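For the protein sequence lines, the chains are Y and C, in the order given. Following my numbering, the numbering of the first sequence begins with 2 at its first residue and continues without gaps. Following my numbering, the numbering of the second sequence begins with 2 at its first residue and continues without gaps.
Treat the hints as calculated values from the structure; they're not laboratory data. Treat the hints with care, since some could be wrong.
Identical chains share a label here; the pair holds if one copy fits it or two copies do between them.
Quick list of in silico lysine to aspartate or glutamate cross-link-like pairs, DMTMM-like style, CA-CA up to 25 angstroms [as the list claims (entries may be wrong)]:
| hint | residue 1 | residue 2 |
| --- | --- | --- |
| 1 | Lys49 | Asp87 |
| 2 | Lys44 | Glu20 |
| 3 | Lys147 | Asp67 |
| 4 | Lys147 | Glu188 |
| 5 | Lys220 | Glu43 |
| 6 | Lys221 | Asp112 |
| 7 | Lys44 | Glu34 |
| 8 | Lys187 | Glu86 |
| 9 | Lys44 | Asp114 |
Note that the structure is a prediction, hence the values are computed from the model and not measured.
Chain residues, written in single-letter form:
Protein chains: 2
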Amino acid sequence: MSDSALSVIQEIRRPTLHEEVVDRIREMISEGELPVGTRVPEKELCAKFGISRTPLREALKVCANDGVITLLPNRGAWITQLTPEDVDELFPIMGSLEALSGELACCNATDADVAEVKALHYEMAMHYARGDQPSYNRVNQMIHQKIMEIAANPTLLQVYRSLAERIRRVRYLANASTNRWDAAMKEHEAILAALEARDGALLAHLLKSHLLNKREAVKKVIREDDRSSL
Amino acid sequence: MSDSALSVIQEIRRPTLHEEVVDRIREMISEGELPVGTRVPEKELCAKFGISRTPLREALKVCANDGVITLLPNRGAWITQLTPEDVDELFPIMGSLEALSGELACCNATDADVAEVKALHYEMAMHYARGDQPSYNRVNQMIHQKIMEIAANPTLLQVYRSLAERIRRVRYLANASTNRWDAAMKEHEAILAALEARDGALLAHLLKSHLLNKREAVKKVIREDDRSSL
DNA sequence: GCGTTGCATTTTGAATGCAAAATGATACTA
DNA sequence: TAGTATCATTTTGCATTCAAAATGCAACGC
């Protein structure tokens, strides 16, 4: 294979074992199957996946690099527990990245794109009206992700996804209070309007504020309920 | 050890083999010792580091996750070659992150912090006056990093560093043309002024534009010289 | 009774081994 | 000669093994 071809080729590739394990571990963490703050014995996970230690350990190193797992040399792998400082630090970063996605999305969005976001918005509003928070959260996430996709910056999406994974478990603590939920819904109406108007600067600002407001709400919940597992 | 203590402890830890290897590989790539677009035979690197394949392979997976290395299953590790698209995508992200760092830095900066940035700025101006581009670039990087540090968001710094690694080799192609170098220097004067005035919004805007301007300059160089190794 | 020390067990870090896939070279066919 | 098929060699993916570090427990001293 010529070297210069490397940047172009995009061949079919069956994922390797360790990649599948990385995905599976991330999944298990966000599903709560691997509780935050606990230790993960290698042997146990090997048995569960039916693989040897080598690919599992490779996956653990990758997860550790992403921050979802903390590796203590000679003392095993621990599911990373977000500190209040982590939350403080992560939300502004997410806000900046989403702001950028908003800007770019306004440049790129086709009418079909906007229509799709609008449809998702109404779907979310439906769940809101019914008080179905899990469904609301799911569609909410889809909206943010959709805007990211419209932005058409795969690298941005990748960075965003990796960070989103880390705060996924706390992100929707925010709407625990009805007040915050109402406010979030209103913010989303403004977000949709800005996208429809293709007002990139405004959309960027709204998304950024949206995330910062979420941070405050989450911190409040955490403060109130010190036992909430981050 | 109690689980809840985990988030607090900050013990001494000797880096493990694979971590050292990750650092070393990153270093070798940015030094050009591992040329972009080429293949890295495991055996060769093992010999060079005097280690077995296991920790080396762990390091490769981590680097691949960061994007500096591309892993083709059964076909080895390749030093990732940035495409023009990657450049297009990375600079706006860097710009957003730097903008955030500017905002935060303006909130936090002590007079001593500002004095330090100012000192670095003059040091950079000196190298500019002498036409010493390598030194200029080095100090330039220190200024951006210093602002990041003043922002006091370790997570942001970590994300930033990981992305900076990827574009490090092209970042300073920008100043290849004297025109761009002059402009960059002027932009840096405005950046310093905004920091001194603690004008977060302005500093954010300046840093963001600074990065976008860099992108255009870099792309121009790349277009002109198609053989430049990305 | 409480804390410390020493030792067996468990768990992790890294090296080695083995099978599968890819690579490269040669021979063969049209 | 161009193209394909075959096979030895190399390289990779994963499993296994071995050594070092950590853990847990019991014996011991105070």
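Practice item. Check each numbered hint against the structure and report the violated ones by number, ascending. Key: Violated hints: 1, 5, 6, 8 and 9; rest satisfied.
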